[in-house]
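With chain A fixed as given, assemble chain B onto it according to the hints.
There are 2 protein chains.
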Amino acid sequence: MRYTNLFGKTVREPLKDMTQVSHKLLYQAGFIRESTAGRYYLLPLGQRVFDKIVRIVEEEMDKSGAQKMSAPILHPIELWEETNRDKSGGYELMTVQDRRGARFALGGTAEEMFVDVVRRFQLTYKDMPFNVYQMGYKFRDELRARGGLMRVREFIMKDAYSFHTDDQDFKKEYENMRDTYSRIFTRVGLKFDIVPADNGYFGGEYCHEFDVESEVGESKYFVSEDGSYIAHEDVAEFKLEDVNPEEEIKDMEIVEQPEWVRTMEDNIKNYNLPAERFLKNVVYKNRVDGHIYIVTIRGDLQVNKNKLEKLLNLVGLLDDATDEDIISIGSKPGWVHSWGYGDHKVTFVADNSLKTVKNFVGGQKEEKTDSINVNYGRDFKHEIEGDVALAQSGFTSPDGKSKLIEKKGIEVGNIFQLGQHYSKKMRDAVFVDSDGKSKEFFMGCYGIGLGRTMATIVEVSHDDKGIIWPDAVAPYQVHLLGLNLEDSEIRNKAEQAYKYLTEKGVEVLYDDREGINPGSKFADSDLIGIPWRVVVSKRTGDGVEIKKRGEEKSEIIELAEFQV
Amino acid sequence: MRYTNLFGKTVREPLKDMTQVSHKLLYQAGFIRESTAGRYYLLPLGQRVFDKIVRIVEEEMDKSGAQKMSAPILHPIELWEETNRDKSGGYELMTVQDRRGARFALGGTAEEMFVDVVRRFQLTYKDMPFNVYQMGYKFRDELRARGGLMRVREFIMKDAYSFHTDDQDFKKEYENMRDTYSRIFTRVGLKFDIVPADNGYFGGEYCHEFDVESEVGESKYFVSEDGSYIAHEDVAEFKLEDVNPEEEIKDMEIVEQPEWVRTMEDNIKNYNLPAERFLKNVVYKNRVDGHIYIVTIRGDLQVNKNKLEKLLNLVGLLDDATDEDIISIGSKPGWVHSWGYGDHKVTFVADNSLKTVKNFVGGQKEEKTDSINVNYGRDFKHEIEGDVALAQSGFTSPDGKSKLIEKKGIEVGNIFQLGQHYSKKMRDAVFVDSDGKSKEFFMGCYGIGLGRTMATIVEVSHDDKGIIWPDAVAPYQVHLLGLNLEDSEIRNKAEQAYKYLTEKGVEVLYDDREGINPGSKFADSDLIGIPWRVVVSKRTGDGVEIKKRGEEKSEIIELAEFQV
Chain A
12 MRYTNLFGKT
22 VREPLKDMTQ
32 VSHKLLYQAG
42 FIRESTAGRY
52 YLLPLGQRVF
62 DKIVRIVEEE
72 MDKSGAQKMS
82 APILHPIELW
92 EETNRDKSGG
102 YELMTVQDRR
112 GARFALGGTA
122 EEMFVDVVRR
132 FQLTYKDMPF
142 NVYQMGYKFR
152 DELRARGGLM
162 RVREFIMKDA
172 YSFHTDDQDF
182 KKEYENMRDT
192 YSRIFTRVGL
202 KFDIVPADNG
212 YFGGEYCHEF
222 DVESEVGESK
232 YFVSEDGSYI
242 AHEDVAEFKL
252 EDVNPEEEIK
262 DMEIVEQPEW
272 VRTMEDNIKN
282 YNLPAERFLK
292 NVVYKNRVDG
302 HIYIVTIRGD
312 LQVNKNKLEK
322 LLNLVGLLDD
332 ATDEDIISIG
342 SKPGWVHSWG
352 YGDHKVTFVA
362 DNSLKTVKNF
372 VGGQKEEKTD
382 SINVNYGRDF
392 KHEIEGDVAL
402 AQSGFTSPDG
412 KSKLIEKKGI
422 EVGNIFQLGQ
432 HYSKKMRDAV
442 FVDSDGKSKE
452 FFMGCYGIGL
462 GRTMATIVEV
472 SHDDKGIIWP
482 DAVAPYQVHL
492 LGLNLEDSEI
502 RNKAEQAYKY
512 LTEKGVEVLY
522 DDREGINPGS
532 KFADSDLIGI
542 PWRVVVSKRT
552 GDGVEIKKRG
562 EEKSEIIELA
572 EFQV
Chain B
12 MRYTNLFGKT
22 VREPLKDMTQ
32 VSHKLLYQAG
42 FIRESTAGRY
52 YLLPLGQRVF
62 DKIVRIVEEE
72 MDKSGAQKMS
82 APILHPIELW
92 EETNRDKSGG
102 YELMTVQDRR
112 GARFALGGTA
122 EEMFVDVVRR
132 FQLTYKDMPF
142 NVYQMGYKFR
152 DELRARGGLM
162 RVREFIMKDA
172 YSFHTDDQDF
182 KKEYENMRDT
192 YSRIFTRVGL
202 KFDIVPADNG
212 YFGGEYCHEF
222 DVESEVGESK
232 YFVSEDGSYI
242 AHEDVAEFKL
252 EDVNPEEEIK
262 DMEIVEQPEW
272 VRTMEDNIKN
282 YNLPAERFLK
292 NVVYKNRVDG
302 HIYIVTIRGD
312 LQVNKNKLEK
322 LLNLVGLLDD
332 ATDEDIISIG
342 SKPGWVHSWG
352 YGDHKVTFVA
362 DNSLKTVKNF
372 VGGQKEEKTD
382 SINVNYGRDF
392 KHEIEGDVAL
402 AQSGFTSPDG
412 KSKLIEKKGI
422 EVGNIFQLGQ
432 HYSKKMRDAV
442 FVDSDGKSKE
452 FFMGCYGIGL
462 GRTMATIVEV
472 SHDDKGIIWP
482 DAVAPYQVHL
492 LGLNLEDSEI
502 RNKAEQAYKY
512 LTEKGVEVLY
522 DDREGINPGS
532 KFADSDLIGI
542 PWRVVVSKRT
552 GDGVEIKKRG
562 EEKSEIIELA
572 EFQV
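Chains as they are written, first to last, in the numbering used here: chain A, 12 to 575; chain B, 12 to 575.
For reference, chain A alone in the conformation it holds in the complex:
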């Protein structure tokens, strides 16, 4: 491709609102343009990278035994009503009506669509298992789009759905997909962690994220120093040591306290005790029915809302309570108690950490009094108990042998066990088993964000001059620069080199511009990030100067000796 013919040229400066490296570089190097916020054009250079990623994904998926197919973009809303996901807050669902009045969802995921096509075939156990995937457009009505291709409102996902007679058969495919994804991300040049995560919106019992460690990642997860443990913050566990096992249990008392004691910091100062010795109450509300939940937790810990929602089986449904909500149960913002409110409909939840402390301070703190020597199980006990605490760096890993380290990662893929979550909600989602009985099938689903993968590669593979594309996904293999092409002798040599390489089947971007100084051509080449730079100039005589992007060394060789 001659650069003069290429649609989409480089620009020197990013736009003002661009904060992420991948956004800036993909824009400046001419790979993407924004249409409206969160909706992008892929320019020809970007499309070439994208298509290479797609080809790798398809090759590996096909090798795994999965079958490519495709579903319509507009999903009949009736299908989303079957699973109740038309009302779920997980992803913001856009809908559209046609002129006959039929309503459709612009889906952010396509479980319902695939169950719907599968259930049209009267499947028997002989037809299973199978795994079908598509390169499917996805829509998410995000309030804020940010970071170029990182968090968008419209994108192409490789989404796969597998169907099984039982959970054991499913587990084999889950491992198969785990291996397939590992091969895919390795081939596109990414290092990744496979992180057990929260399945939330998708239903099912467990899932894993494929996370690429990066400061701009939105996934937070923990690994143990000894490498034996890894988990997303929404499911990460940790071992809680008893705080004061030697202490004697004392009688609960109501004591006076100075009026300046209001916050946790005040408490610590007043009692000269660490935060873990105090009780803390956090209030949530069910978005749909308005029910209030008070979570009591050790003072040094935070509540993880996802853990809480999972414990309560209210995935995606809890909001932080407002001051009005707190007043509505007869309480006071800042002074919520760990018990009481009997006349109001409140559900109390206890974090497991309450069992690690003797003689808590707090629980029914008022403006002038406080309770001390409060003991969980003796002085109060909640109807629901569980682990709802957020892990933190430095906490002990669950096996007690190591410490947790916090990491941030970009989620480029995920694999989900779905079990019978969808087949039980949707009618006729069954197969005939070998015993002649009709049974709901077991499912898994598996996603890769293709544009996000592309941006992630840039996040982890660049320098201050531009992108450094891994060979497997580079838009071209060779960036041929002709310097001072006004000189007809150089022009001839450059043209010959272009012809030679192209005819050998090498993918070449040829900077054939005249009247552009060498410095600008080098800068563009570094910005675009094609693996090999091949220069033809006065200096190179009958040879060419080759240099690998990201390395310093260059050398002049015969073109015939050049191997990509």
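Relax, there's no trap hidden among the hints.
Put simply, identical chains are the same to the list, so a pair is met inside one copy or across any two.
Mimicking BS3-like on lysine-lysine, the simulated pairs with C-alpha atoms at most 27 Å apart in a straight line are:
(1) Lys-35 x Lys-79
(2) Lys-63 x Lys-515
(3) Lys-231 x Lys-202
(4) Lys-79 x Lys-149
Keep in mind that the hints were calculated from the coordinates and are not lab data.
Relative to chain A, chain B alone:
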């Protein structure tokens, strides 16, 4: 691929409402399933054919110098407002609103989107020409979807847009695309006509359809018997001979006529004259401003509304007038005059055919009287004159040397000159020319309906047993049938054959089912239509029986001798 693993199996009977062969066969053979009317799943077999068509299109487009890229699916409605196409009746536009209130079109075509991305670059003449294409989802809110993949509400189109400094440069690319399309359709196994057609909704001055002749086609076009002329019915011309050149021009008279004379047939009977001797008036209304148009034409001819709209520069805007419309201008349905209605806003249009007849009958026919010896130019003359008549089989071709033959074709592709139609309507759609001046660019656009191409291949390549896929687009090259696989010896040989072929890189669908009789396996094989059938059975001994789909001859050979 083992048939037992394949998702999407054959079924014996089509559904009741299926009328077209391609719809029935693609359904029965397990290539497609309908989601809702006009929106289809491609099952794995269908996806393989589709992807092969896509690859051929991409290869040829790339070879032509075009560059693949992609635009978002949701188009900002503001862009459609710039060209006024948000209100045009051409394709029914669906719109959707996001939760921040932004409105988007689900476009049926993407000219505005491509102009919008191109105008963001400050292009100069040095950056042009270029041609960019995408595999883009298209949406059309058709009132009636029909015929499987033939007329759908959602589909993938290869749409390309080229940008040029002037019309001459554009014409080179138009020829380039014409050649590229010819190569594409030839490679996928289609015979086609390149038909000058009406550019209607797209603007611009001329265009060509690529039509595959078929009884189920919705495009009507004419070719001359000597092969020198071809044109779509909306632009087809023909030579009108003078009907009665020898006759003397007589004085116009009002004559009495029997009351039973009402229709054209009555006229012919009453006057004993052929239909061409009578004046006919046809009434239309502008959908937007309500203005009435009366077209006067020779009695043996029909008005072609597309020709009329083009003549009036009212593309897509005329409706047939209703009885109320006709009454509203002071006329009477069935008795519309060729002149008069002076108090009402009516525009008269004369078809060129009025100049070929002396002494017309009609023009102000009433219940009991009629006018005769009416001569166009002497007794009445219309403000607008032109060719608005529909061509018919048997008419003389425009050069007067041959006769027209009517054909029906499926439009699988089209190429459009757009000129400056879009660049003049959209702001900043300019480049800086070599003289330093800013000029609006010249454009062309080029579409191929990929799903329709797939269905068209089936329409023209099948027999009463099923599909006959051309090699280039077949889902697999070989359909390996193992007969009576319960017999472990046959099973072993079939498995070996599958392994052997697969390892040689042949794409094989392997019917590995047990307990299915040979007749059913043969029937499925004919239905699916893979080019080579390779049978392993008791009869084939150490060889295999090979047969090409669509041919009668089969032979038993050593598998090692088999060449795809």
